[in-house]
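Take the sequences, apply the hints, and build the full model.
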Amino acid sequence: MSEQNGLPGDWELVVGLEVHVELATATKMFSASPNRFGDEPNTNIDPVTLGLPGALPVLNGKAVELAMRIGLALNCTVQPCTFHRKNYFYPDMPKAYQISQYDQPLNVDGWLDLPNGTRVGIERAHMEEDAGKSTHMGATGRVHGADYSLIDLNRAGVPLVEIVSRPDIRSADDARAYVNELRAILVAIGASDAKMEEGSMRVDANVSVRKPGQPLGTRCEIKNVNSVRSLGRAIEYEARRQIDMLESGEAIRQQTRHWDEADGRTHTLRTKEDADDYRYFLEPDLVPIAPSAQWIEEVRASLPMLPAARRARLADATGAAADSEAVGVVVERGHDDYVLAAAAAGAEAARTLTHVQQNLSDDGVAAVPAAALAALVQLETGGKVTATQAKTILGEMAGGAADAADPAAIAARLGFEAMDTGDLESLVDQAIATDPDAWAKFCGGDGRAMGALVGLVMKASKGKADGKAVTALLNQKKA
Amino acid sequence: MAAPTTARGIAAAVKAGTTTAADFAEQHLLRIAERDGEIHAFNHVMADQARAAAAAVDAAVAAGNDPGPLAGVTVALKDNMCTRGIPTTCSSKILEGWRPPYDATIVEKLHAAGAVVIGKTNLDEFAMGSSTENSAFGPTKNPHDTSRVPGGSSGGSAASVAAGFSQMALGSDTGGSIRQPAALCGVVGVKPTYGYVSRFGLVAFASSLDQIGPFTTSVEDAALMLDVIGGHDPLDSTSIPKEHPSLVGCLDQGVEGLRVGRITDLPEGADPDVLERLEVAFEALVAAGATVVDVQVPAFTFGLTAYYLIAPAEASSNLARYDGVRYGLRVDAPDTNGMYAATREAGFGDEVKRRIMLGTYALSAGYYDAYYGKALKVRRLIHDDFERAYQQADVLLTPASPSVAFPFGAKGDNPLAMYLCDTYTIPTNLAGHPGMSVPFGTGAHGLPVGVQVLAGTLQEPTMFRVAAELERAMA
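For the record, the sequence lines run as chains A and B.
With numbering that gives the first Met the number 0 applied, the first sequence covers 0 to 478.
With numbering that gives the first Met the number 0 applied, the second sequence covers 0 to 474.
Please keep in mind that the hints were generated in silico from the structure rather than gathered at the bench.
From the three backbone atoms N, C-alpha and C, an ideal C-beta is built for every residue, glycine too.
Check before you lean on any hint, since a few could be wrong.
[What the hints assert, rightly or not] Here are a few chain A residues that face chain B, going by a calculated C-beta distance under 8 Å:
{"id": "1", "residue": "Leu49"}
{"id": "2", "residue": "Leu58"}
{"id": "3", "residue": "Phe88"}
{"id": "4", "residue": "Pro90"}
{"id": "5", "residue": "Lys94"}
{"id": "6", "residue": "Tyr96"}
{"id": "7", "residue": "Ile98"}
{"id": "8", "residue": "Asp276"}
{"id": "9", "residue": "Phe280"}
{"id": "10", "residue": "Asp284"}
{"id": "11", "residue": "Val286"}
{"id": "12", "residue": "Ala340"}
{"id": "13", "residue": "Ala344"}
[Stated by the list, open to error] Per the computed footprint, the stretches of chain B lying under chain A, defined by three or more beta-carbons under 8 Å from a beta-carbon of chain A, are:
{"id": "14", "stretch": "81-95"}
{"id": "15", "stretch": "230-236"}
Structure (structure tokens):
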């Protein structure tokens with residue numbers, strides 16, 4: 000097994016991802032029907048959505064703006080663009096063509112940096128409309144063998160952006176990281192809620208394998224990947240399948256394959272030979288769009304700080320690594336500004352980060368003003384309360400206690416009086432006397448022995464002693 | 000006082016209270032009842048709606064309100080324009096039973112102008128044809144000679160105006176479908192600049208070419224109608240986003256100093272009687288102060304070929320939605336795919352099927368570059384050649400149709416012969432330019448001949464000045 004990508008031998012994995020995201024517009028891409036998930040089927044419809052004779056599409060300007068936000072956040076060039084018709088016949092596509100961008104997409108040539116520093120190229124991020132949703136009843140839930148199918152056209156005409164990466168991804172982990180990072184960006188810029196479980200973000204993976212230095216292998220496209228976890232599993236399965244075939248002398252055929260979550264395998268959906276001929280041609284019902292330099296710059300200027308920059312900022316302020324879990328989690332939850340505000344109010348940033356990551360939910364952050372959190376962290380770092388006590392106090396603050404804004408008052412109410420340094424030292428001396436064996440080991444360099452001594456102090460203090468202070472005293476005495 | 004004979008005169012009389020919209024509507028309904036059994040201009044006569052609309056106009060007048068510039072004027076609509084709650088068939092079985100839930104933008108504009116919509120007229124199925132023989136509901140007859148075709152595809156609308164069933168009518172012109180039947184029926188027919196009139200609610204044939212325009216008995220009425228239905232529509236992204244000058248206002252300006260172009264490399268094939276009338280038209284304009292200049296439009300001759308790739312390609316896409324599921328005809332079969340096939344087999348006529356296949360083929364992988372792609376290049380050449388010609392000439396004059404109205408069945412078995420009917424009209428659609436047919440006397444068998452006036456993008460005012468002069472020359 001190579002350590003890099005979990006594949007046998009020296010096989011190299013090559014992955015490119017195609018991510019469809021539904022844009023967070025109020026209305027559909029080409030009509031005034033609401034763009035809303037979860038409504039009663041076939042209620043968000045109109046002549047354009049239904050493809051009724053004589054109806055014409057009118058482009059939603061907000062959709063273009065959100066698509067531009069995506070392009071600019073992914074370092075793309077925004078360019079004049081056109082729409083094409085992608086002709087195919089399917090019951091959930093009432094016009095029998097999808098309006099999509101073809102050879103002149105809105106956004107081209109960008110990149111996305113993963114938290115671990117890997118740069119993944121973005122080939123294009125183009126606009127298109129979503130199809131309706133087919134639900135196949137009976138049998139397996141897939142169209143083959145179904146008794147009948149239900150069509151919901153609420154989703155038909157919802158604006159999408161398809162973000163096509165270059166085949167720059169070399170491991171399942173990086174594929175997952177790409178999707179997570181992309182989702183964070185999309186949410187941060189307000190372009191999409193990017194929920195894979197609701198289908199507002201859908202990921203197809205192009206997977207191939209090769210020996211290092213060889214040209215790209217024949218790829219297979221994996222569809223029906225419904226979570227980030229499944230994406231990793233599907234890529235790993237597919238890579239092994241291809242390697243097994245190649246190693247037994249078989250050739251890979253270009254295919255579209257369906258990921259089956261239940262059996263953990265991919266299955267042939269269609270081969271390249273039976274791929275549809277989409278007969279693309281310029282959509283004559285729409286006119287080209289050429290966003291002005293001024294519009295592009297306005298959109299660029301309105302972009303918020305992106306997750307990577309926010310992670311770097313938080314890492315810088317707290318001393319934690321930019322790709323640490325704490326920084327990642329806090330930025331993902333959008334609590335980084337809160338940490339920075341508490342730090343600005345005088346709290347130690349690193350300690351604040353830990354509390355916000357581990358001890359506060361979204362509701363907790365909303366309930367506890369940054370200044371109050373700062374006061375608590377100051378009590379803790381000043382040795383007035385222990386880490387354990389601080390956590391308890393924070394729980395009271397987040398729970399909306401009457402004295403929630405005053406951590407010192409809560410500490411007093413709970414009897415968390417700070418231990419006098421002299422009292423603590425006498426407890427430490429007692430502990431050494433009680434277990435001289437441990438003390439000897441500790442002095443001899445056995446770090447594990449320290450735990451026993453700290454435990455004795457904590458027990459004697461009934462939990463009021465600050466573990467860090469005890470450790471410091473023990474080290475002081477040893478020296 | 001003589002009864003008014005123009006739309007403008009009728010609207011004035013209705014507004015003045017010297018007559019009523021109801022009277023005019025009844026006169027036209029009576030004429031339809033008397034003679035449309037023979038002509039078959041209409042797929043659907045909207046008698047109740049017409050009476051209600053006329054009554055509303057009269058009520059508005061009685062209340063001292065202005066019902067609009069088309070007050071009480073009857074208008075027939077080609078049956079590919081959506082009318083809320085009224086069957087809209089495109090003369091195809093495939094749309095059997097469908098009633099649109101909305102009005103086309105032009106229908107709303109007509110209502111707002113006080114017009115009385117009187118019915119839906121026959122056409123070649125989905126506007127594919129030049130004789131109205133391709134209608135699923137039987138052909139329309141030419142009111143001048145019922146053994147002959149009215150032209151097409153807007154044959155019903157042309158015949159309605161020629162027979163006096165409606166004061167005006169609207170048609171759609173994708174490759175000549177207004178101008179050619181106008182010529183054959185001896186009425187005025189205008190295809191405006193692409194984007195002059197909203198296509199919202201026009202059932203698409205070839206979206207990049209389709210354009211709605213009027214049939215009238217006078218050039219002034221055509222100008223009046225375009226003033227009403229023209230203009231930007233937020234529901235049609237391809238409608239031109241600017242105000243158009245009133246065309247009625249430029250009819251009296253004459254042609255003094257205008258340069259009228261004669262296309263020296265015009266494709267051959269027009270009958271001598273038609274060419275003779277064209278010469279008379281040039282002479283009439285010269286007599287009125289215009290000069291004639293020779294111009295060349297080399298790509299004109301490739302128009303027909305390019306058109307029969309581009310229009311079917313778009314049609315193959317536009318007509319793929321008719322599957323029997325959501326509206327229109329459904330022919331049952333044991334499974335869903337069988338139902339689609341049976342529905343389309345029964346629902347579409349031969350010409351529509353021919354064009355769907357032609358267009359699908361032209362767009363297919365491996366053939367796209369050789370056919371559709373090349374046709375787009377020719378389209379660009381045609382546009383550019385015309386633009387060059389319009390630097391030398393303000394308008395161009397050509398025949399509208401190579402011949403006068405031909406007998407039923409004359410070209411029915413030969414699609415290519417039928418396609419040649421549109422030789423002189425098609426290039427204009429490919430260029431997106433305006434063109435109109437003006438009745439200019441008669442040719443063989445005493446049948447009407449139309450002269451076509453062509454102009455550059457949004458040069459309708461100049462085109463109408465020339466048309467008005469030709470009309471004066473015939474008066």
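Here is what the structure says about each hint:
1. Leu49: Leu49 of chain A check passes; min Cβ-Cβ to chain B is 6 Å, inside 8 Å.
2. Leu58: Hint on Leu58 of chain A: holds, closest Cβ of chain B at ~7 Å, below 8 Å.
3. Phe88: holds, 6 Å
4. Pro90: holds, 7 Å
5. Lys94: holds, 5 Å
6. Tyr96: For Tyr96 of chain A, the interface hint holds, since the closest Cβ of chain B sits about 6 Å away, which is under 8 Å.
7. Ile98: violated, 11 Å
8. Asp276: The hint holds - Asp276 of chain A has a Cβ within 8 Å of chain B, the shortest such distance being about 5 Å.
9. Phe280: holds, 6 Å
10. Asp284: holds, 5 Å
11. Val286: Because about 5 Å separates Val286 of chain A from the closest Cβ in chain B, which is inside the 8 Å limit, the hint holds.
12. Ala340: violated, 46 Å
13. Ala344: violated, 52 Å
14. 81-95: holds (count 4)
15. 230-236: holds (count 4)
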